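**Student:** Sequence:
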Amino acid sequence: MMILALGITLNTKTALGVSPLISMPFSVSEITSLNFAALAFVMYALFTCIEIFLEGDRRKKSEWLQIPYSLLFSLLLQLFSSAYDAAGIELKGFLPRFILLLVAVALTGIGVSMSVSMNLIPNPADGLAREVGIKLRHGLGLGKNAIDVTSVAITCAIGLLTLHRIVGVGIGTVVAMIGVGRSIAAFNHFALKPMRRAAGLENNLNS
Numbered sequence: 217m218m219i220l221a222l223g224i225t226l227n228t229k230t231a232l233g234v235s236p237l238i239s240m241p242f243s244v245s246e247i248t249s250l251n252f253a254a255l256a257f258v259m260y261a262l263f264t265c266i267e268i269f270l271e272g273d274r275r276k277k278s279e280w281l282q283i284p285y286s287l288l289f290s291l292l293l294q295l296f297s298s299a300y301d302a303a304g305i306e307l308k309g310f311l312p313r314f315i316l317l318l319v320a321v322a323l324t325g326i327g328v329s330m331s332v333s334m335n336l337i338p339n340p341a342d343g344l345a346r347e348v349g350i351k352l353r354h355g356l357g358l359g360k361n362a363i364d365v366t367s368v369a370i371t372c373a374i375g376l377l378t379l380h381r382i383v384g385v386g387i388g389t390v391v392a393m394i395g396v397g398r399s400i401a402a403f404n405h406f407a408l409k410p411m412r413r414a415a416g417l418e419n420n421l422n423s
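In our numbering, the protein residues as written are 217 to 423.
These are calculated hints, taken from the structure and not from any lab test. Keep in mind the model is a prediction, meaning the values are calculated, not measured. One or more hints might be untrue.
[Unchecked claim] Heads up, simulated DSSO-like pairs for lysine-lysine below, C-alpha to C-alpha not over 27 Å straight-line:
1. Lys-229 x Lys-277
2. Lys-351 x Lys-277
3. Lys-276 x Lys-351
Using the sequences and the hints given, assemble the complete structure.
**Tutor:** So, in structure tokens, the structure goes:
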């Protein structure tokens, strides 16, 4: 969770556009000056409610734990954002910001891989993507694509309706859409088996 939160936080500091899933709370935060971490918590809690509603009779009580998970995650976002701002880091020029973006994307992918592979509480966005994929009669991949596209479309609409310009979507959004998946695949290739073996899950690699 800490690696994932750090990756997302650094993504927001590049000013190149954020990843699709956090583009909605980020754009609202930029427009209204409301706290980004608090808005992220609201979004994740909403994702959890939608997921549980879509599951119907298949829902499990344990899935409500995604809401306290979201609260803890939002606190980590606030912690890392405050630490970054307190450090007085100021990146000038495209190249330093793009390098930071690549680091952020890599950390996000690693964080997603580690959290999903432990079979504990799913990230609300991943849980919703899985359920959307089921409803569309496809897998997690299509569900994530559907949520990404919907998130970017809503973010663009929010910006255009309020400021008459797009906020939070840019080259960084495209890089995140492509790069996070590649980062997950690369990390899984080199670290998935030893990581799960260390966690005592070596006999359940396909779960």
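**Student:** Taking the hints in turn, state whether each one holds.
**Tutor:** Going down the list of hints, with the structure as the test:
1. Lys-229 x Lys-277: 36 Å, violated
2. Lys-351 x Lys-277: Judged against 27 Å, a Cα distance of about 20 Å means the pair holds.
3. Lys-276 x Lys-351: Given that 27 Å is the threshold and the Cα spacing comes to 17 Å, the pair holds.
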